[in-house]
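Chemist: Each chain is listed here by its residues.
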Amino acid sequence: MLEVTLKQELPGFTLDVSFEVPTGLTVLFGRSGAGKTSIVNAVAGLSRPQAGRIVADGRVLLDTDAGTCLPPHRRRIGYIFQEGRLFPHMTVRRNLAYGARFAPRDAPREDMGRVVEMLAIGDLLDRRPGALSGGEKQRVAIGRALLAAPRLILADEPLAALDEERKGEILPYFERLRDEVQVPILYVSHAASEVGRLATSVVALADGKVLRQGSAAEVLGDPAVLPAGAREAGAILAARVVRHHADGLTELEAGGVPLFLPRIGRASGAPVRLRIAAHDVILSRDLPRGLSALNILPGTVAALRPGAGPGVMVAVDTPAGRVLARITERSARALDLAEGAALHAIVKTVSVAPGDVGGSGAAA
Amino acid sequence: MIDGVTPAEWEAVRLSLRVATTATLVSLPLGVVVAYALARWRFPGRELLNIAVHLPLIMPPVVTGYLLLLAFGTQGPIGGLLDRAFGVTFAFRWTGAALASGVMAFPFLVRAVRLSIEAVDPKLEQAAATLGAARPWVFLTVTLPLIVPGVIAGTVLAFAKGMGEFGATITFVSNIPGQTQTIPLAIDLALETPGGAARAARLAVFSIILAALALALSEWVSRRVAARVGGRDA
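Chain order of the listed sequences is A and B.
Residues 1 to 364 in our numbering are what the first sequence lists, from first letter to last.
Residues 1001 to 1234 in our numbering are what the second sequence lists, from first letter to last.
I should point out that these hints are in silico values taken from the structure, not numbers from a laboratory.
Quick caveat, the model's predicted, so the values are computed rather than measured.
A virtual CB, placed ideally from N, CA and C, is assigned to each residue, including glycine.
Don't take every hint at face value.
[Unchecked claim] Facing chain A, according to a computed beta carbon distance under 8 Å, are these residues of chain B, among others:
hint: 1; residue: LEU1124
hint: 2; residue: ALA1134
hint: 3; residue: VAL1142
hint: 4; residue: VAL1229
[As the list claims (entries may be wrong)] Quick list of the computed label-pair ranges, beta carbon to beta carbon:
hint: 5; chain 1: A; residue 1: ALA66; chain 2: B; residue 2: LEU1140; range: 30 to 38 Å
hint: 6; chain 1: B; residue 1: ILE1058; chain 2: A; residue 2: SER133; range: 46 to 54 Å
hint: 7; chain 1: A; residue 1: MET112; chain 2: B; residue 2: ARG1042; range: 54 to 62 Å
hint: 8; chain 1: A; residue 1: ASP179; chain 2: B; residue 2: PRO1029; range: 43 to 51 Å
hint: 9; chain 1: B; residue 1: ALA1227; chain 2: A; residue 2: ALA293; range: 58 to 66 Å
hint: 10; chain 1: B; residue 1: TRP1010; chain 2: A; residue 2: SER133; range: 39 to 47 Å
hint: 11; chain 1: A; residue 1: LEU10; chain 2: B; residue 2: ARG1042; range: 16 to 24 Å
hint: 12; chain 1: B; residue 1: LEU1115; chain 2: A; residue 2: PRO172; range: 40 to 48 Å
[To be verified] Straight-line alpha carbon distances no greater than 30 Å define the calculated DSBU-like cross-link-like pairs of lysine-lysine that follow:
hint: 13; chain 1: A; residue 1: LYS209; chain 2: A; residue 2: LYS167
hint: 14; chain 1: A; residue 1: LYS209; chain 2: A; residue 2: LYS348
hint: 15; chain 1: A; residue 1: LYS7; chain 2: A; residue 2: LYS209
hint: 16; chain 1: A; residue 1: LYS209; chain 2: B; residue 2: LYS1123
hint: 17; chain 1: A; residue 1: LYS7; chain 2: B; residue 2: LYS1123
hint: 18; chain 1: B; residue 1: LYS1123; chain 2: A; residue 2: LYS167
In isolation and in its complexed conformation, chain B is listed as follows (with noise of 0.2 Å):
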């Protein structure tokens, strides 16, 4: 089967990875603030926050795609401004595939972290707070070690929502080989395709193979961690 792979499903399977891999790299470091703060902190608009992070869950995809679309296109306040401050584009490019790809993936993410975050009982802050630990280091040495299996759970969710991302990002930054067509986009495509069935029946092997792949690491990684967390000898 692999014979018949030609360099344009290739390319989609790399484009796939990375911006998978990105969106889940960027927005793994935001989702664990934001988890932190919607399971430990009291603060005004907290809800609103909350509703917020899970809207591109409730929302139709294209409708997400569409505001990342006003928001972050050339034309957009944010594109805009990110375009002439830094030179960063999103409209049309695999960065964009990967904002829309974070977007999506960010809830999954949150609610994942935040259920092993509320899990941790404070009454172990407190204690590590007792013996001097400031509320940086209490986080580092105490919270985060006891959460890596929710973050684990987070980052796979948000690594195969990235993988299978498709009404947003066509929306967003629309179908182009080589920039924006990660597999999903590509199976799209081929079916439209006269004679694309066969291109769309590798693709989809590939997409679950990776999707295995990466819960395969992810339980294996588990494993590892789930003994110490648990306080048992490992």
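So here's chain A without its partners, still in its complex pose (with noise of 0.2 Å):
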């Protein structure tokens, strides 16, 4: 468990926030210039606040009233840096055990060996970064930071440096850390595709402030946290697998509304997190018949938000979980859209949040 209390005057803006993280994942999300950076830093102790308190696991690493800020070698923050920063003249075992000589010796310790075999770097430990790829480095910077019993990783856009692909080839390591390491996360990030799929909790952030802090499903459920014209604005919900049928689709059942999609390889009764993207949702205000699409959700409008451009944000209480719809503002009008009002959202398209099995993600 992380605590931050922060103020701070930055140029343009003013830093003023407060905010916990808990065991998991909590991705620290808002655009560049919220303050992101600003956290991060004080988090690691390379740079000093005007006013704050930081504790980590029990331990106190800032408290401007009482004068204490720990320099950043006591803290045992395992920092994943956006450029890995492997030290350059060792061998990918000696960057993987350098941090751990300087833990104390009672530290919880994670076996290297389980480590590199976690993040399939077994074939690297000889070798040194310069040849590397972008993506082999981010994973050995994941493990060196790991290694070096923290009492939490921060990550800081880890993946921005990456392009479309190892990005993709690096997410899952994150899962694997979120999913079998105790300590808790906190990953930066400004692309709420990141978010969707690693966060079980959020923090958004917005000009200096906290906008919502909470799980990642009550966060993303908000309209109010993602920017309307936002492509990979979309909810999450969670699902239980009911059965495959013959057809090839999988059943899924979401807060007791079926929901269909191309077979997934699970099995019956393994919870399955979905993700719904908003541009894949349409309203209707009557129960649609003759529609190609399988999965329709009953529901109420629960929030509206006018976006820069022409669209509008809607956020959709369901039984399966709240829902989020990009529709035009003109479609708003023409549903006569407030809230509370009951509707229908047909989902075009709905995709298992992607590491969850391996990277499906399917029309249905």
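Assembly of the complex is requested from the two constituent chains, each provided in isolation within its own frame, with the hints serving as guidance.
Modeler: Right under this line is the structure:
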């Protein structure tokens, strides 16, 4: 558990935040200039904020009132940098082992063999970083941070320097980190797709303030958090596999509502995280008939948020959870949408939040 | 040619090696510290230190030798103190020649090391700190290994300067065979002496061979470390 309270005057705005990072993966989410970097540097001890208090795992790292400010090397924050920052003169093995010797003897340690296996870097151990690909470097950087026996893992836009293909290659490793390691992770990102896929909880930042914090489903279901024009905007639903049908479809159940999507490789009863992008949802006042879409969720409008362009983000509460829909303002007027209005959300595409089943997202 | 080398000439060669090696080894750690301070720290007097380090490079060597004589002579404030406290004498001794060589070589050493420190990405040092390494450890495990090529270059420059130093040495500790008469001073004396031309030539050849050997050695070591430091698989 990490607790952060910070106040700092920055050029153009004031950073004034207070939030908690529970076990699991918390995404610190916001566009550039929202204050993410200032928070990260304060947590790692690379900068000294004007006022604040940071406590990690019961240990006070910063308390400006008490005059406490631990230097970076005494904080035990496993920092995964955007550019990897591997030591070029050391082999991968020595990079991985670097932090362990500085950790206190009684600190809970990860086993090197297990971490190497988890990150699939066994073949790289005797090589030097110079010749590794961007994705390989970042996997080694994850391992190096983890093996330093950290109180918290801090990842500052760790995928930002990678191309799309490499991003897809690294994301599953962050999922394994989230699911297999007890250390809380603070993951900084401005990409909603990473939030949807990785976050167990989210702290949404805007202009130096915390806009929302809570579980991923709660925060991402709030249209105020995501800009209406954002292509990546979408909701997360928790579902369960019911059965696999002979026609190649898998039936899922979310809050009592059946959902169908092309067969996924999960056993009946298995929990699945679903992602429904806002631009894949159509709204209808009447229960539509004669449509090819299989997944229709009844619900009521919870919130409407106009965007900068002609788009409106509509949050719809359904028995399965909150769904976001991005529609035009004209449609919103035509449907006479207002909070509390009953309607049906027609979902064109449901994707299983990729890492959950190894990257399959499919139309249904 | 070797047959004609006189014991006095061997003496000059041995003395030169001893003076240059001592000057280099003693000034190396100090040079690395000063280079690090100039490259990474902001402190009052930084510019003054920078100028002081470079003075021997820009002043006439005779002036440097004269200042050394004033400061480190037996009557000088530092020389007198060292003499009384530790029995260390510089005046007219080979140690004085080493001191003069070290001072003259210092700017070369510091410049080479400083450039290589400035080329080390501070972000790597930051990363080491987040992994739990305190400042001295960061320096020993990250900065120092990455500046090895610069340190080697500086060492070779300092050694070569030590082998070739003339003006400050002769001013400070005079030209005493067996004590302060290094190769350059021996060559100078040989050229002043009737019939000394052959001696001067032999000493010049020694000087060239030693310089070439030092350079070849440093190239060899540099090649071995360059791959490592560049992050390539060696």
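Chemist: Compare the structure with each hint and give your call.
Modeler: Checked hints:
1. Annotation: LEU1124(B) was flagged as interfacial toward chain A, and the flag holds, the nearest CB pair being 6 Å apart, inside 8 Å.
2. For ALA1134(B), the interface hint holds, the least distance from its beta-carbon to any beta-carbon of chain A being 5 Å, beneath 8 Å.
3. The restraint placing VAL1142(B) at the interface with chain A holds, with a minimum CB-CB distance near 6 Å, inside the 8 Å limit.
4. Nearest Cβ of chain A to the Cβ of VAL1229(B): about 5 Å, under the 8 Å cut. The hint holds.
5. Between ALA66(A) and LEU1140(B) the C-beta distance comes to about 32 Å, which sits within the given range of 30 to 38 Å.
6. Roughly 49 Å separates the CB atoms of ILE1058(B) and SER133(A), a value that falls within the hinted 46 to 54 Å.
7. Separated by about 39 Å at the C-beta atoms, MET112(A) and ARG1042(B) break the suggested range of 54 to 62 Å.
8. Evaluation of the 43 to 51 Å hint for ASP179(A) and PRO1029(B) yields a pass: the beta carbon distance comes to about 50 Å.
9. As the Cβ distance of ALA1227(B) to ALA293(A) is approximately 60 Å, the hint placing it in 58 to 66 Å holds.
10. At roughly 58 Å, the beta carbons of TRP1010(B) and SER133(A) sit outside the given window of 39 to 47 Å.
11. Between LEU10(A) and ARG1042(B) the C-beta distance comes to about 23 Å, which sits within the given range of 16 to 24 Å.
12. Between LEU1115(B) and PRO172(A) the Cβ separation comes to about 43 Å, which falls inside the hinted range of 40 to 48 Å.
13. Distance hint between LYS209(A) and LYS167(A) is fulfilled; the C-alpha atoms sit about 28 Å from each other, no more than 30 Å.
14. Simply put, LYS209(A) and LYS348(A) have alpha-carbon atoms about 35 Å apart, too far for the 30 Å limit, and the pair is violated.
15. The hinted pair formed by LYS7(A) and LYS209(A) meets the criterion: a straight-line CA distance of about 10 Å does not exceed 30 Å.
16. Taking the CA atoms of LYS209(A) and LYS1123(B), the gap is near 28 Å; set against the 30 Å cutoff, the hint holds.
17. Between LYS7(A) and LYS1123(B) the CA atoms are separated by roughly 25 Å; this keeps the pair inside 30 Å, and the hint holds.
18. The straight-line distance between the Cα atoms of LYS1123(B) and LYS167(A) is roughly 23 Å, inside the 30 Å bound, and the hint therefore holds.
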